[in-house]
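Peer 1: Please build the complex by placing chains Z, V and Y on the supplied structure of chain F, with the hints as guidance.
Residue numbers (our numbering), protein chains in the order written: chain F, 1 to 589; chain Z, 1 to 159; chain V, 1 to 132; chain Y, 1 to 597.
For the record, the hints were derived by calculation from the structure and aren't laboratory data.
Hints should not be assumed to be uniformly reliable.
Calculated cross-link-like contacts (lysine-lysine; reagent style DSS-like; alpha-carbon spacing at most 27 angstroms) [stated by the list, open to error]:
(1) Y:Lys20 x V:Lys103
(2) F:Lys41 x Y:Lys304
(3) Z:Lys52 x F:Lys192
(4) V:Lys11 x Y:Lys248
This one's a predicted model, so the numbers in the text were calculated from it and none came from an experiment.
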Amino acid sequence: MDMVKLTIDGKPVEVEKDTTILKAAKLIGIDIPTLCYFQLKDMNIENRPGGCRICVVEVVGRRNLAPACSTNVAKDMVVNTHSIRVLNARRTVLELILSDHPAECLTCAKSGNCELQTMAQQLGVRELPYQGEQSTYRKDTSPAIIRDVDKCILCRRCEMMCNDVQTVGALSAVNRGFMAVVAPAFEMNLEKSPCTYCGQCVSVCPTGALTEVDHSRNVINSLADPSKTVVVQTAPAVRAALGEEFGLDPGTLVTGKMVAALRRLGFDYVFDTDFAADLTIMEEGSELLDRLTRYLKGDKQVKLPILTSCCPGWVNFFEHNFPELMDVPSTAKSPQQMFGPIAKEYFGKKLGIDRKNMIVVSIMPCLAKKYECQRDEFKVNGDPDVNYSLSTRELAHLIKLANIDFNSLPDEDFDNPLGESTGAAVIFANTGGVIEAACRTAYELYTGKKLEKVEFNELRGLENVRHATLDFDGLPINIGIAHGLGNARKLLEDVQAGKSQFHAIEIMACPGGCIGGGGQPFHHGDSEVIKQRAAAIYREDAGKPIRKSHENPFIIKLYEEFLGKPLGEKSHHLLHTHYFDKSKGTYIE
Amino acid sequence: MAKIKLSEKKIEELKEVCKSFNNDKGELINVLHKAQSIFGYLPAELQEVIAKELNVSVAHVYGVVTFYSFFTMTPKGEHPISICLGTACYVRGAEKVLEEFKRVLKIQVGETSADGKFSLSCLRCVGACGLAPVVLVGEKVYGRVSPEGVKDIVAEYGN
Amino acid sequence: MEKIKSLTDLKNLQEKLNSKTGLSNRSDNAGENIRVKVAMATCGIASGAKEVMEVFIEEFTKRNIDAVVTQTGCMGYCYAEPTVEITKPGNEPITFGYVDVKKASRIIDKYVLNNELVDGIIPVNYETIDNK
Amino acid sequence: MAKIKFHFLVCGGAGCQAAKSEAILKNFQDVIMERKLETEIQVIKTGCFGFCGDGPIVKMMPDNTFYTKVTPEDCAEIIEQHIVKGIKVSRLLYQDSGNHENGSGFKTRGLHKKQIRIALRNCGFINPENIEDYIARDGYQALGKVLTELTPEATIEILKKSGLRGRGGGGFPTGLKWEITRNVKADQKYVVCNADEGDPGAFMDRSVLEGDPHTVLEAMAINGYSTGADKGVVYIRAEYPLAIERLKIAMKQAREYGLLGNDILGTGFNFDIEIRYGAGAFVCGEETALIHSMEGLRGEPTVKPPFPSESGFLGKPTNVNNVETYANIPAIFLKGAEWFAGIGTEKSKGTKVFALAGKINNVGLIEVPMGITLREVIYEIGGGIKNDRKFKAVQTGGPSGGMLTEKDLDTPIDYDNLIAAGSMMGSGGMIVMDEDDCMVAMAKFYLEFTVEESCGKCSPCRIGNKRLFEMLEKVTKGQAIMEDLDKLRNLSNVIKDTSLCGLGQTSPNPVLSSMDNFYHEYLEHVGDKKCRAGNCKSLMQYIILAENCIGCTLCARNCPVDAIAGERKQAHLIDQEKCIKCGACMDKCKFNAIFIK
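The shape of chain F in the complex, shown without the other chains (with noise of 0.2 angstroms):
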């Protein structure tokens, strides 16, 4: 390897040749500031445009100012980050980056997670020499996500998430200079685009220029609503994000906390997602069986490999991008929308509560599912299954506002009957969750054998792409995961092109999962944050009695007393659904 020496802000450094300034100034506890520039390491995802020119450093030498993010070290270099013409320059540009951007930080959604806000602070800035004109664009609000580019600075992160890394193509920087920004084509609603509503674009946005759609006050209007049953379920991912939103330590698991402030901010009935994900696993996972049983007895019509569809943003992806390949997927609902029918047709039916009194909130780490529990499909007469789909961030605020000091909360237990999960179905908020939950259950029924080991570890893990071989008793099922759009895109070409190797593929929207999902707490391109809570999920799932879904007896019992069995007739009806062929969509009507 070849080492560079070099002096930094008077400190001798030794870092490896195509070292950035950036990151070998780093190693010795110097903190240049970045705007645009944005990594998450453990997933090879880096936005570095050299646009911004916050982290501009001087380099003894150079006739102008070098952008640290974006400039390797060279031998016997001498770099010096404040110096009065740094410190000058890098305070000049953050004005003239402020003096295009609204004043409003008192109402804004970001107040407080904002960036650029910190860097104002950070910096100094206590009033604006350079003003003038604005640029002004349409505010654009779609079902899940908030575009108001008055506050966008191009730092092209979103841009990069949903052409490179998710391959959406729903954003692209649009116009040009002074009125340049990211934009849907024609700048058109989102609503229009491609957009998935993976929400990748708002987790990594400095600004409040995207944003989630904001349905609390939704929430505290029915939770004050005599004539209302309030149930809420809460999506695997958020007990192990939501502590951070309280100052807690990336990966603490808070699930008792969480519950307790649920119940006291008035919902009726708390319930978990995650006996939902058990059910998934009975559907989803006979639904595997059922294919794979056909296809090993030779029938042709079968299609393999089967593909997971737990998750909003993947099916919004295929519909858009992938119509052929719509009979593919699994036909089981997500755990949040099989949550719903189960909630208000099963248990509201027990309790004699009509489904219009009954009001069925989720609390998603996620975007899409806002988009999701308002599909179509998934509504009766116009009542959806899932009134609303509250974040992470959204659910955090609500405790703030009810002014629940949340630390100090008990631990406290879901309600029955739809609180009661299994470690399988924890497991689902990180990649290769599903599957292996899936697994964990269709080795037991397929081979009739216990399984002694529960942990899958060649199913886990942070790459891209995944695979691995596992043995179903003498029978090798070959699964494939991907988390990432762009990465589940690889994946399907292969089976577009028949070149598949796989029996199952489990895909996941979001870099890491639902852990890294669009509506977590912002880990503002930390990925240890990520990394931290997918070993919360597996601690979680270790420390559960039960760790296959078909043990879970609450879903045996919903089988026994008003389901039936997996795949039958009313399962069929409440737990499956179908797909659309969004391709043909145009901007233009």
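Peer 2: Showing chains Z, V and Y alone in chain F's frame:
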């Protein structure tokens, strides 16, 4: 955005254009040039077809179209008038000529007259600095244009 | 056209082009003919060089004058476009500026036929690489 | 009809006219009439000889005698001596001072010339649509020589020795650039010709492509051979239809003649060229932006390194040179590196083509040796300032450059001197300004251009230039305060210091340069609310001088906004609120009753 509804024939023609560039997305700008020369402008529909043929996102195509000043999404007038605002023309009074065109045609830069006859745009240097200030009507170049001469130029095209 | 297959071929072709028979087909040296070159770069054309060139061709045909009329690039005298360079056998080339359609006829009358100069001659104001 | 025996060619260039050439013409005519020589002598008014320092000039034909500094009083003597007696008037004879000895190899006809044409050597000589014209003038001989006699390394060595620097603006040594590309190992390399001439007021590249397209093709092939590329791309402005047309014809002919394609001249060297079109983005003059544009993307620049020579078009090593740079190259190989290096100054070799425009008599394309002074360019070649106004400044380098003033008139023009003077060579636009041009308005003009052409990728350029423009607008409207001038300077410096690419790094130059040279004009705009050039409309008023106004009503009738009121035969008055300062009234007034305050 209203749909103009391209005829099947036009769409086929457009697809042929894309094909002639091997549907290579690297040729996007060449394709757009060709498309604009055929259709006169680049309406949204057309960009959607091109995006599909070249297998790129529509947003990408739009991003490229809006980056380059040569590309336009609005139909130009029957006689597009361009005033050169290059430096040589500027110092020889091109601004006054532009003002006069705006006054005579009662349109702003980037607009098309109500009867669709004239549209007004500015450009930077056609390289005929010796004739500054220079005005183009369609492909025809008018040199040494004075504000007084503006009316005559417009009159040539029957207005 | 047969492809040029070697440097020798290229040199032979050049020699041929510069020989007497070659010259008659060339625009930069007309040999025995009167030769007219019209500067037809963008600014020339914009100033009416095309029309001027047509006049020369028409008039020469009409009056049965043996002459070669060709286009060439920018001569650099943008202020005096259209510009036309005329070479009569045995004479230095002369460049006329501000040549409009009327003046083109006058140049034929006066200079081409009678060796009289007309106003608007542009003196060559540059040096170029020696052509051998 | 008697044949004319003598022609007197009297310089009628605007520069000489100022120096009494009209009177000379008249005197000649008078003497000729007097002596009844009108059938033998014809007096002709000519264009500029490009030697105005010695003007007015009279050339006697057919004997090619040059008389310099001729006065009207000399006319009789010239006719008496030269024509009647056949003796030349020795005191007026042109003397070559020998100060500008350009070495051998130049055609000199009569007067010593200020211009030397290397890049433009064939422009205006050959038919650009006929490859044989080019071949007859040594076309493709340089390529032949390189392919048969020189290794790629030796080729680059010659180019390095010639001292040729990039003519696109930056002035990077061309040979060195080639060498860097050559030294990168790759399975595929490209050479690119940057013909996206976007500097408003520059048209040398267009002229070369329209007048001599083969020279560019030949040079690109030489470039391909020495860097190891077999593909070339010309990136050309779509706004240049004629240049594109001629380039296409040239490419077709070169292929037919086997001078592009496989096994060129039987040497086994393969090279072909394709065209990609620009679409109206000045920033695409920047190499990385140009390459993105060639790839079908938005023409946004990226941070260098990596340089295109390492990773360029389609990720492959790419050598980008501009048209004028290429146009010099065949000549260098034909005449040798030493010959080329013998022209110009110590660090800037050869010639530079300038598009001379603005308030100058001889607007045109000129090619001058490096080291020539601005004074020579303006007053000799350019024939001086139009309408005999007072010279104020020359803008070089376009939106990236700066103003050169009176004090720079005798500075030899080369890359380094221009930078030292606060401007730059740029691509070769040279705009002459006179006392009627407001320097603040000029800076604003360039900033308006930059704002329009900024790609928007980096914040200092995207927002900073907009703010600069807005502040300049305040100055020209008389709304600025003194503090704004300090802000202008700080902001300019920060934009230069922090912008991503060359566009932003140079865009404040017109502001800084005009502030350095014409700070008093800024002060006047801000402090006195005055524009001395009478250029800034907001700062001027049209006033009717009551004692001169006879009340003819002509002005009132011509006012487009009815801002002039007054009874017939009474002094009129302009309503300053309504007045749009179009100047129509002043143009119409026959009694000098309207003036600008």
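Peer 1: Work down the list of hints and note, for each, if the structure agrees.
Peer 2: Here's how the hints hold up against the structure:
1. Y:Lys20 x V:Lys103: holds (26 angstroms)
2. F:Lys41 x Y:Lys304: Holds, at about 23 angstroms.
3. Z:Lys52 x F:Lys192: Within the cut-off at roughly 16 angstroms; holds.
4. V:Lys11 x Y:Lys248: Holds, at about 24 angstroms.
Violated hints for the displayed structure: none, as all numbered hints are satisfied.
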